Amino acid sequence: MSTSENTVSRRAPLEGAKQDLGRLGVFVESAQSSLSKGADALASVEKLHNRTLGARVWSWRYIILRRVSQFGFLLLFFGTAHWGWQVAKKVPLLTGNLSASKFIGLIPLTDPFAALQIFLTGHALQQQSLIGAAIVLGIYLLIGGRVFCAWVCPVNVVTDGAAWLRNKLGIQPIFHLPRMLRYFILVAALLITVITGLAAFEWVSPIGMAHREIIFGLGLGFTALLAIFLFDLLILKNGWCGHLCPLGAFYSLIGKTAMLRVRFDKNSCTRCGECARVCPEPQVLNLKKLDERGYVFSGECSNCGRCTPICPEGSLKFDFKPLIRGHNVQADAIAVQRRTR
Amino acid sequence: MSDQGPSGLNTARRDFLVKMAQGAAIAGTGGLLWGYLLRNEARAAPYALRPPGALAEDDFNAACIKCGQCVNDCPPHILKLQPSGGTLPIGMPFYTPRTGACIMCPDIPCMKACPTGALSPKLKNINDSRMGLAVIDIENCLSYKGLRCEICHRVCPLKGKAISLEPHPRQISKHAMFIPLVHSDACTGCGICEKACPTEVAAIRILPHKLVQGKIGEHYRLGWTFDTEITQDFKPVEAAPAPAADAPVPKTAPGMDYLNEGGL
Numbered sequence: 000m001s002t003s004e005n006t007v008s009r010r011a012p013l014e015g016a017k018q019d020l021g022r023l024g025v026f027v028e029s030a031q032s033s034l035s036k037g038a039d040a041l042a043s044v045e046k047l048h049n050r051t052l053g054a055r056v057w058s059w060r061y062i063i064l065r066r067v068s069q070f071g072f073l074l075l076f077f078g079t080a081h082w083g084w085q086v087a088k089k090v091p092l093l094t095g096n097l098s099a100s101k102f103i104g105l106i107p108l109t110d111p112f113a114a115l116q117i118f119l120t121g122h123a124l125q126q127q128s129l130i131g132a133a134i135v136l137g138i139y140l141l142i143g144g145r146v147f148c149a150w151v152c153p154v155n156v157v158t159d160g161a162a163w164l165r166n167k168l169g170i171q172p173i174f175h176l177p178r179m180l181r182y183f184i185l186v187a188a189l190l191i192t193v194i195t196g197l198a199a200f201e202w203v204s205p206i207g208m209a210h211r212e213i214i215f216g217l218g219l220g221f222t223a224l225l226a227i228f229l230f231d232l233l234i235l236k237n238g239w240c241g242h243l244c245p246l247g248a249f250y251s252l253i254g255k256t257a258m259l260r261v262r263f264d265k266n267s268c269t270r271c272g273e274c275a276r277v278c279p280e281p282q283v284l285n286l287k288k289l290d291e292r293g294y295v296f297s298g299e300c301s302n303c304g305r306c307t308p309i310c311p312e313g314s315l316k317f318d319f320k321p322l323i324r325g326h327n328v329q330a331d332a333i334a335v336q337r338r339t340r
Numbered sequence: 000m001s002d003q004g005p006s007g008l009n010t011a012r013r014d015f016l017v018k019m020a021q022g023a024a025i026a027g028t029g030g031l032l033w034g035y036l037l038r039n040e041a042r043a044a045p046y047a048l049r050p051p052g053a054l055a056e057d058d059f060n061a062a063c064i065k066c067g068q069c070v071n072d073c074p075p076h077i078l079k080l081q082p083s084g085g086t087l088p089i090g091m092p093f094y095t096p097r098t099g100a101c102i103m104c105p106d107i108p109c110m111k112a113c114p115t116g117a118l119s120p121k122l123k124n125i126n127d128s129r130m131g132l133a134v135i136d137i138e139n140c141l142s143y144k145g146l147r148c149e150i151c152h153r154v155c156p157l158k159g160k161a162i163s164l165e166p167h168p169r170q171i172s173k174h175a176m177f178i179p180l181v182h183s184d185a186c187t188g189c190g191i192c193e194k195a196c197p198t199e200v201a202a203i204r205i206l207p208h209k210l211v212q213g214k215i216g217e218h219y220r221l222g223w224t225f226d227t228e229i230t231q232d233f234k235p236v237e238a239a240p241a242p243a244a245d246a247p248v249p250k251t252a253p254g255m256d257y258l259n260e261g262g263l
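First to last, the protein sequences are chains A and B.
Mapping of the first sequence onto numbering that gives the first Met the number 0: position 274 corresponds to residue 273, and the numbering continues sequentially without gaps.
Mapping of the second sequence onto numbering that gives the first Met the number 0: position 250 corresponds to residue 249, and the numbering continues sequentially without gaps.
Only chain A is shown next, with the shape it has when bound in the complex (with noise of 0.2 angstroms):
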């Protein structure tokens, strides 16, 4: 009895200290985890340079994918103005442009922004514009609303090119702006609507100039878009796009309920930073927002799929909303399992 009790009462404080030592593990552990976490991330920027020349080309798929979706907008509606293309006799394939247009001479489409300014000028729209702006705005609702800014718009190209031109020659920022910038701009334009009459933004939009004017006949839209590309490249980096551009803001918040979402796997993260580098919004690859959620939430990204294939580990990639808890509690349960073993 006495030396059940003895090896009770001796194995009480060896618990205790079993319990410390597993504590202090856990500690030394993630202090571990943090070093080598750094070192993980080296080895990750060194994954990226290594990489095979193939490796590097397939990793421009969205960059060629997006410019031969904006390219193939801007060749559907200019084929369609002159060369008449049809689907059928008599059936255009794609009449008007970006601000409202009729696919096969049956849907309409037209921009929910635009559509909300003529409708603040007091104007009824007609039925066909107002079904036409549920099914882009539906559209967009579905695949995240700045999907348009990445693979839609014109000026894209343009902003691209300067973003790309400026890294090159490491020109240094004159000055910073809130990237909410675009949001006062917004308001600004609805505002502006109202007291005038005439639809704010559509009235000096660059993007509808540029649009235009490659289709129905050049003007000095062209000047618009230099200035936005000398704007982009010597004044503020990602200026029109990320900070000014109402349009954006507008479908910034539009995709706040997107389904197309890419998806954060924080364990295989190593935090190299190689995403942010790269994306055009970096406030939206915030880490610890991204931890939390588990997907980019911000309706500020827009999908351009620059950060997916470059990550080094995989651990941003393109998902549909709904599935993106099962499949981060699969990447959790594999971790898991990685570390137990």
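Keep in mind that the hints were calculated from the coordinates and are not lab data.
Keep in mind that this is a model prediction, so the values were computed, not measured.
The beta-carbon is built from N, C-alpha and C at its ideal position, and this holds for glycine as well.
Listed below are the simulated DMTMM-like cross-link pairs for lysine to aspartate or glutamate, each with C-alpha atoms no more than 25 angstroms apart in a straight line: (1) B:LYS173 with B:GLU149; (2) A:LYS88 with B:ASP106; (3) A:LYS89 with B:ASP106; (4) B:LYS144 with B:GLU199; (5) B:LYS79 with B:GLU40.
Stretch-level coverage of chain A by chain B, calculated; a stretch enters the list once three of its residues show a Cβ under 8 angstroms from a Cβ in chain B: (6) 88-100; (7) 106-119; (8) 124-136; (9) 202-211; (10) 216-226.
Using the hints, position chain B against chain A.
Frame of chain A; chain B shown alone:
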């Protein structure tokens, strides 16, 4: 405390107010500039010739979404969207009759293509459209110089209604002039006359109604026209009731007293 000023004042509120004032100043100047740009851009709108069914100027400026579907669907390809930096408001459809006149399609495809209603679907008959008004420069019109030109009259899709030919006999030794007259109640402003005019610079041209049409005002009463409404001012005094049969016959004829009465 860092937000305590030298005299112990709380500067946080002052900073906040200054920030607010700065924000308001940026918003105000930016808004004024933006508004100025818009007004400046819209200022040229009265000079534009719009496609058939276009709403009145201000409403059209507000409603047009600048999509160019009317341009795509115009069979003779006369409609253009104004590029930026041009003389007309940006991005909206217009046509230049001298180079491309409206051919007045009976089914009005441009209007049907309009998604917003800036080209109003209320227009059912192309002959009811009022895109502009033909105006003749009588100093340079060949017909007014005595030549038998009359081309504008002959090409007019509403010949006889929109442009009529009026014979003007002259002295014995000169032949009569046949001069074209435009009637605003029928002229659609299609511009076929302007396109066909043989003078070096067209002597008949299409202009927006607002720039050429006068208005006589409500106070003129054209009493000699049959369709002039007779108002109280012009109503003849009601005739006196016919004298009864047994009434005494006046000694003098009616009117005689009137002439000899009063201060006349």
